[in-house]
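Chemist: Protein chains in written order, with UniProt numbering: chain A, 1 to 326; chain B, 1 to 326.
Careful, some of the hints might be misleading.
A pair counts as met if it fits within one copy or between any two copies, since identical chains are not told apart.
[Stated by the list, open to error] Once the Cα atoms are required to be at most 27 Å apart in a straight line, the calculated BS3-like pairs of lysine-lysine come out as: (1) Lys-281 x Lys-298; (2) Lys-307 x Lys-281; (3) Lys-289 x Lys-178; (4) Lys-178 x Lys-274; (5) Lys-307 x Lys-220; (6) Lys-95 x Lys-237; (7) Lys-274 x Lys-95; (8) Lys-289 x Lys-180; (9) Lys-107 x Lys-300; (10) Lys-274 x Lys-237; (11) Lys-95 x Lys-289.
Derived from the structure by calculation, the hints contain no laboratory data.
Here the structure is a predicted model, which is why all the values come from computation and not from measurement.
2 protein chains.
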Amino acid sequence: MAISQRQELAIGIDIGGTNTVFGIVDHRGDISYRGAISTRKHNNVTDYINELYDALLPAIDEVGGINAIRGIGIGAPNGNYYNGTIEYAPNLPWKGVIPLAQLMTDKFKVSCSLTNDANAAAVGEMMYGVARGMKDFIMITLGTGVGSGIVANGQLIYGHDGFAGELGHTTIIPDGRKHKGTGLHGSLEAYASATGVALTAIEFLERDNHRDSLLRNFAKEEIDSRVVYDCAIQGDKLAQEVYEFTGKVLGLALANFVMFSSPEAIILFGGMTKAGDLILKPTREHMEKNMLPIFQNKIKLLFSELKEADAAILGASALVWEMKTV
Amino acid sequence: MAISQRQELAIGIDIGGTNTVFGIVDHRGDISYRGAISTRKHNNVTDYINELYDALLPAIDEVGGINAIRGIGIGAPNGNYYNGTIEYAPNLPWKGVIPLAQLMTDKFKVSCSLTNDANAAAVGEMMYGVARGMKDFIMITLGTGVGSGIVANGQLIYGHDGFAGELGHTTIIPDGRKHKGTGLHGSLEAYASATGVALTAIEFLERDNHRDSLLRNFAKEEIDSRVVYDCAIQGDKLAQEVYEFTGKVLGLALANFVMFSSPEAIILFGGMTKAGDLILKPTREHMEKNMLPIFQNKIKLLFSELKEADAAILGASALVWEMKTV
Numbered sequence: 001m002a003i004s005q006r007q008e009l010a011i012g013i014d015i016g017g018t019n020t021v022f023g024i025v026d027h028r029g030d031i032s033y034r035g036a037i038s039t040r041k042h043n044n045v046t047d048y049i050n051e052l053y054d055a056l057l058p059a060i061d062e063v064g065g066i067n068a069i070r071g072i073g074i075g076a077p078n079g080n081y082y083n084g085t086i087e088y089a090p091n092l093p094w095k096g097v098i099p100l101a102q103l104m105t106d107k108f109k110v111s112c113s114l115t116n117d118a119n120a121a122a123v124g125e126m127m128y129g130v131a132r133g134m135k136d137f138i139m140i141t142l143g144t145g146v147g148s149g150i151v152a153n154g155q156l157i158y159g160h161d162g163f164a165g166e167l168g169h170t171t172i173i174p175d176g177r178k179h180k181g182t183g184l185h186g187s188l189e190a191y192a193s194a195t196g197v198a199l200t201a202i203e204f205l206e207r208d209n210h211r212d213s214l215l216r217n218f219a220k221e222e223i224d225s226r227v228v229y230d231c232a233i234q235g236d237k238l239a240q241e242v243y244e245f246t247g248k249v250l251g252l253a254l255a256n257f258v259m260f261s262s263p264e265a266i267i268l269f270g271g272m273t274k275a276g277d278l279i280l281k282p283t284r285e286h287m288e289k290n291m292l293p294i295f296q297n298k299i300k301l302l303f304s305e306l307k308e309a310d311a312a313i314l315g316a317s318a319l320v321w322e323m324k325t326v
Numbered sequence: 001m002a003i004s005q006r007q008e009l010a011i012g013i014d015i016g017g018t019n020t021v022f023g024i025v026d027h028r029g030d031i032s033y034r035g036a037i038s039t040r041k042h043n044n045v046t047d048y049i050n051e052l053y054d055a056l057l058p059a060i061d062e063v064g065g066i067n068a069i070r071g072i073g074i075g076a077p078n079g080n081y082y083n084g085t086i087e088y089a090p091n092l093p094w095k096g097v098i099p100l101a102q103l104m105t106d107k108f109k110v111s112c113s114l115t116n117d118a119n120a121a122a123v124g125e126m127m128y129g130v131a132r133g134m135k136d137f138i139m140i141t142l143g144t145g146v147g148s149g150i151v152a153n154g155q156l157i158y159g160h161d162g163f164a165g166e167l168g169h170t171t172i173i174p175d176g177r178k179h180k181g182t183g184l185h186g187s188l189e190a191y192a193s194a195t196g197v198a199l200t201a202i203e204f205l206e207r208d209n210h211r212d213s214l215l216r217n218f219a220k221e222e223i224d225s226r227v228v229y230d231c232a233i234q235g236d237k238l239a240q241e242v243y244e245f246t247g248k249v250l251g252l253a254l255a256n257f258v259m260f261s262s263p264e265a266i267i268l269f270g271g272m273t274k275a276g277d278l279i280l281k282p283t284r285e286h287m288e289k290n291m292l293p294i295f296q297n298k299i300k301l302l303f304s305e306l307k308e309a310d311a312a313i314l315g316a317s318a319l320v321w322e323m324k325t326v
């Protein structure tokens, strides 16, 4: 029994700006021993790894010790697959270039691969989600920010340096809204993220100063994408227009992405997809409108069906099955 | 001797809107027996193939007959690699879906592969040009139109349907200039093609009605990208601004493409590159300005060094070396 269990499991870790979630995953994509620690607590990455180790140790013991684990896969913002590093991640407490895969290998005594969080989610979707069997698709994560993972010819597109797929930072509206983090103007993330939706709502309220809206019951600081959604489903016209505008920008962006890699599907993922048809309908309309006829009415626009944390854990763990050596 | 020559050569054919050029190519990329016929002369594709056959026959005989030819590779506008078809090419005389690879195989009794012209040029560049040894690059053809071929992980990106890489039709300026052929607004091709340069010049002349410019010596119908170039190098300020504006739009577009696939280089190709620094400088400036810092100052922006017709013939012939069966 002990022998047959050797290296049949993978650890999948998703490092988010707030929390790090992890699980032990088998080949079928079943996740056991889920857990989480705070990402923000430790400014020193060594302390963070030590806490992660302590949190994982009981689970590792439970499945038969580290010999049962084939490797560790990590999805992290600004994660670089080629180098196993996290590089200048604005939302993480560790600055500069962090050789995380190497540090993890040293601590856990097992191989570790790393990629960015959206790429990990795309791999999770390809192995266990709605992209199963697809060789060409684009995953767009719509959360606090906008991330992406691009699969073409059945492979993730990493680019020559490991940083491909920063679609959230492509310019959709030249000289448009300035992104606070990057300083770029009119990027997709400035509009189609949860942050962007809140900003659009505030802009619309200020522009039409006398127009009635349920959103006026909230202080400016209270307005977030959730509040806008709640008002929109209560029939508030202005809140609905915020989603229409967001879908217009997102749809235009998706049309451009389609004309780049001609994917079978675009898969939307993350908190913003909770808005359902409010976001999906205008997005689809403006995507179709802005494409050449040869692309129209054939690209699937789908919501992910995986739980948000699960997709990332599954995708991260999938890196392990691709490892060449143990 | 006859035996060792068997199937050591490829026919490369580049079908353009005006002319079709072809050559017989060896493994080292040496082109012999170049020739050309008119693309426009025959509205019936069978007549066209017959003329092409007659034009190629003496060359084929010269190299030892059809047994010396391993296959035929074709680059054509709207060429679909998967199906071997040309589909709805607006600039070709044959309408609808043309099963050209099959028709050529039937006529020549040898395998035929087909891809779009920009993809063929990209493959030519990868095998014999400035992209030699690169696994990730984007080729942008700047001619009457704007085409593209994208290589990632050492492979051409075809997409799920064979139509990937229509970067000329991505929207760069929402609600911008309407493209006469596609009806789309603000696409890259509407600005960064030779046609776009002429339109920009005319717009600038009409906008600043009283401003002096050498371009006013030409009738509206006479203004093309060549005239704008000639005036610009003679120091005409307005003509120079036309190229600056064109570079601004192109640079913004390239920044977006970089954030998609993070290529080692972007290679510019085609008639517009004759403008040299006039187009290259503003393009580079605006590309750098619109990218995330992790991409800045590391993407090579290069002009192709292959002769325009050669790149396409070489790229088309390279399809032959990749053929699985003969």
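Chemist: Now, for every hint given, state plainly whether the structure supports it.
Modeler: A quick look at each hint next to the structure:
Taking the closest pair of Cα atoms, Lys-281 and Lys-298 come within 27 Å of each other only inside a single copy of the chain (16 Å); across copies the shortest separation is 39 Å, beyond that limit. For the identical chains of this complex, Lys-307 and Lys-281 are intra-copy neighbours only, at 22 Å inside a copy versus 47 Å across copies, given an alpha-carbon limit of 27 Å. Taking CA atoms no more than 27 Å apart as the test, Lys-289 paired with Lys-178 passes in both settings, with 26 Å inside one copy and 14 Å between copies. Proximity of Lys-178 to Lys-274 under the C-alpha cut-off of 27 Å is restricted to the intra-copy arrangement: shortest distance 26 Å within a copy versus 35 Å between copies.
Proximity of Lys-307 to Lys-220 under the C-alpha cut-off of 27 Å is found in neither arrangement, the shortest distances being 31 Å within a copy and 60 Å between copies. Taking the closest pair of Cα atoms, Lys-95 and Lys-237 never come within 27 Å of each other, the shortest separation being 43 Å inside a single copy and 47 Å across copies. For a Cα distance limit of 27 Å, the shortest separation of Lys-274 from Lys-95 qualifies neither inside one copy, at 32 Å, nor across copies, at 45 Å. Within a single copy, Lys-289 and Lys-180 get their C-alpha atoms only as close as 30 Å, which misses the 27 Å cut-off; across copies the closest is 16 Å, which meets it.
Neither within a single protomer nor between protomers do Lys-107 and Lys-300 lie at most 27 Å apart by alpha-carbon distance, with minima of 43 Å and 39 Å respectively. For a Cα distance limit of 27 Å, the shortest separation of Lys-274 from Lys-237 inside one copy, 19 Å, qualifies, whereas the shortest one across copies, 53 Å, does not. In this assembly of identical chains, the alpha carbons of Lys-95 and Lys-289 lie at most 27 Å apart only when taken from different copies (24 Å versus 42 Å within one copy).
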